[in-house]
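J.: Sequence:
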Amino acid sequence: MTHQKFPHILLPEIKQTQSYKPKAGGSSSDYSIPDQIPAIHGNVLKNAYSVALQNYQLLCEQNGIKDAVGDKGFAIEVNAPEGIGLEYIRLENKQGKEHIEVLNVKYDENGVASSAVIYIPPSKKDNLPNKILDYQDESKKTKNGHPRNRELFNTIDKIVAAELKDFWADNLPFPIEDKYCSWELWLREGSIEQVRAFIKDADDIIISTHHLCFPDRQICTIACNLKFLQKLQLATNTLTGFRYNRTQSSFFDSLEPREQKEWQENLAKRIIYNMKNSSVCLVDTGLHSEHSLLKPAIKPETIDTYHPDWGTDDHDGHGTGMGGLALLGDLTPILEADDTIEILHYLESVKVFPPYGKNVPEHIGFITEQSIYRAETNAPKFDRVFCLSWTISLELDGVYPLTMLNGQPTALSAKIDQMAFAVDYINEWQIDDEMKRLFFISAGNIRDQLKHTTYLDYNDLSEIEEPAQSWNAITVGAYTNKIWVNDPNYDSWEPIAKAGELSPRSRTSVSWGKTPWPIKPDVVLEGGNHIGKDNFPPEDHPDLHVLTTGKQTPFCHSSDTSAANAQAARLGAIIRAEYPHYWPETVRGLIVHSARWTDAMLAQAQTHPINNANMQEKINLLRRFGYGVPNEEFLLNSFKNKPCLIIQDYLKPFKLSIDELGHKKGSDAIYDEMNFYELPWPKEQLEQLFDQKVTLRATLSYFIEPSPSELPPKTKHGYASHELRFKLKRANETTEAFLQRINAELTLGEEIDSQENINNSRGKNSWLLGPKTRDRGSLISDIWTGTGAELANQNILAIIPQGGWWKYRVGFPSKENPRLEQKVRYSLIISLECEADIDIYTPITQQIKIPVKIIV
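In this text, residue positions in the sequence shown follow full-length UniProt numbering: the first is 1, and each later residue adds one.
Derived from the structure by calculation, the hints contain no laboratory data. Hints are supplied without guarantee of correctness; some may be wrong.
SDA-like, lysine to any residue: derived pairs with alpha carbons at most 25 Å apart [said to hold, decoys possible]:
id, residue 1, residue 2
1, 772, 637
2, 125, 174
3, 381, 460
4, 158, 129
5, 5, 772
Label-pair ranges, simulated between beta-carbon atoms [to be verified]:
id, residue 1, residue 2, range
6, 553, 89, 49 to 59 Å
7, 655, 615, 25 to 35 Å
8, 307, 265, 27 to 37 Å
9, 377, 309, 52 to 62 Å
10, 4, 815, 54 to 64 Å
11, 96, 179, 40 to 50 Å
Every residue gets a Cβ at the ideal spot worked out from N, C-alpha and C, and that includes glycine.
Input sequences plus hints: build the corresponding full structure.
T.: Right, here's the structure in full:
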């Protein structure tokens, strides 16, 4: 499949609207280990193992490595059947001096272990065949009557010789060209000296002087080509994984001012400012608008301040740092490269913090609100996103006491929600959908001294800070891929977080547990790392930061959730530039829709694969990492085998209950509409994939009107005006039965969630999260997995309302213009992904009769 890029598909009006009429229905499915006949399957595996060893020896001979299998052992790759978790731990054998080791494991998008690379020393060459013989031996069955090692061998369908690509651990595609490059090598414990000995006499091979040490792993960098890496692996069998080596940003920050300027000028020459009607508005400490990298993206009239005495300049440097990240992202990889960079969006700035002291007695919510109005007045036609890379917290006598809000809204977070929903409380509480706003807010940083031993535990106890609990905003936490320090003074120090894990100062909402408050953070982006050693306090070395624009120098460093948030705001502005007709709700939904958990994040769950985990484990992952790391390529583009469909629509959630004579029944409203869609599935193409995996992801994004008062009912419905949920027709349901089931579930309230979870949470064809886990807040996303043939018959999706304070305050804001008459809008994002080389994008566009456009 060629990687041609296509625009996302904005679906035309295809909905049907129906009122509720309760009736019932349902079904179930179970997960089980695949059935195999040991006598047959065992012989297949033994033969595959023998062929794998022969092919591995052949690889060695082709690369000029002699007697590698007999001397250093060998590596094989073991694969599981589609959708079945590989029991790879059972392959290990750590008895004796030489161990059979699992070198790396790859997971599918549902967190299921799909393959593993295994190292087998020469002394244990016969271990696996002997296990297979026990598996086939009728006399060695377990007490339950199952073949011995059934869980292991029934989940294996392929054994092959491991090739270099099987050790690839980067999230970028495996390199096609065999070019000289700098790599990061992950090695088996205690094997670094073997690597050094092998390359001692090699020409043009550069290996790092020092290496990192972790339990079971050593990590170094090496500059060479792929062919040499292949020889290194075959000769030493030390490799467990490798990836591109990332350059530390401190190289540029530590340059002399003259050298920094040279790099800055070189970068400026490569930037093309092709400005569209999109912007990131920084609500921060001001902006150094004369910085040569920022100035071309700034209109002078869009640099403002809340208070005229404060000036518009950046007194602190924080705002300028956020500006560089919001415009360009992390500068380190950009400076390393030599390609052209296109900038599509502007930068704006409104200063909300005084040069000295604090915003007392004025409320920060008011200052924020007025500053946003200023920005919109200065450039009324911009499609902007707002970047708030700061939080507020309680300070008493210079101390920040631990305050646990447990997700409860505050005045500031409610103000953010209100402005996002575009409520004009001055003009009779009118709602203007055309003025909806999108906010990016940092999750907040841990201020206390970090401790190496309490990493993650302390993050889980440190809840996100105000106003990051906002329902309508995108809350951004921080993760990191930065683990290298190029500083001899820190040779024996180690990074606190491993690559792909939570940035050490990033706050979470894990302490909120199963409460109904939204999932926060929503996503995580690069926020840097810290290093520690023994009992020394951890430090935040500049090598582990992101690089951005400086107030007084061309470059400076930034880190933690503020830096992550600015980078997320950049993504939002790019979407608004590329797709100007997308609503703010859609932009927010796309960012979450493109996000995925890293392998390191998934590894923190106790249960593998993650779709077999219980509700609490999944909630913990969500409340620590949100939905994961956004993928910019998927964020902006569809592909032939991965189309993304966008629906922007309206629904009227409530109405008065009226009897046959036209009289009002009861004091509360009742549910009014649900929308359902017959999705333009490429049915013919999907049915061809009768035994191949297809993934569907659905994301529902909408804004709520906040009510932070203590009026009853004192639950989540006391804050949100309304809530929406999605439901997908099951494969064995008719459309009529599906709609009857939804109508019946309405009368059960939230009990419907547990029922659907019971019916659909087991087996390969389940939702990853399920409704009891995902249905929190106003941004909901989940992943369904099954075969193409199954999905072909699941082409009906419904949007239904849930309770909210609009349902109970039927006279607000007036009897003449009650909220009950208000329609609410939402964005529904649906993507399909096929592993097969098949075009499902074009058939969808043909059904809805829109031309196919290729993105160059």
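J.: Hint by hint, note whether the structure agrees.
T.: Quick rundown of the hints versus the structure:
The hinted pair formed by residue 772 and residue 637 fails the criterion: a straight-line CA distance of about 31 Å is larger than 25 Å. For the suggested pair residue 125 and residue 174, the alpha carbons sit about 30 Å apart, so the restraint of at most 25 Å is broken. Distance restraint check for residue 381 and residue 460: the Cα-Cα separation of roughly 41 Å exceeds the 25 Å cut-off, and the hinted pair is therefore not satisfied. At most 25 Å may separate the alpha-carbon atoms for a hinted pair to count; residue 158 and residue 129 meet this at roughly 14 Å.
Restraint check: the Cα-Cα separation between residue 5 and residue 772 comes to about 35 Å, which exceeds 25 Å; the hinted pair is violated. About 51 Å separates the C-beta atoms of residue 553 and residue 89, a value consistent with the hinted range of 49 to 59 Å. Hint check: residue 655 to residue 615, Cβ distance near 34 Å, so the stated range 25 to 35 Å holds. Range check, residue 307 to residue 265: Cβ separation about 36 Å, and the 27 to 37 Å hint holds.
At about 20 Å, the CB distance of residue 377 to residue 309 disagrees with the hint of 52 to 62 Å. Between residue 4 and residue 815 the beta carbon distance is about 56 Å. The supplied range of 54 to 64 Å therefore holds. Our hint of 40 to 50 Å for residue 96 and residue 179 holds, since their Cβ atoms are close to 41 Å apart.
Of the numbered hints listed earlier, those contradicted by the structure are 1, 2, 3, 5 and 9.
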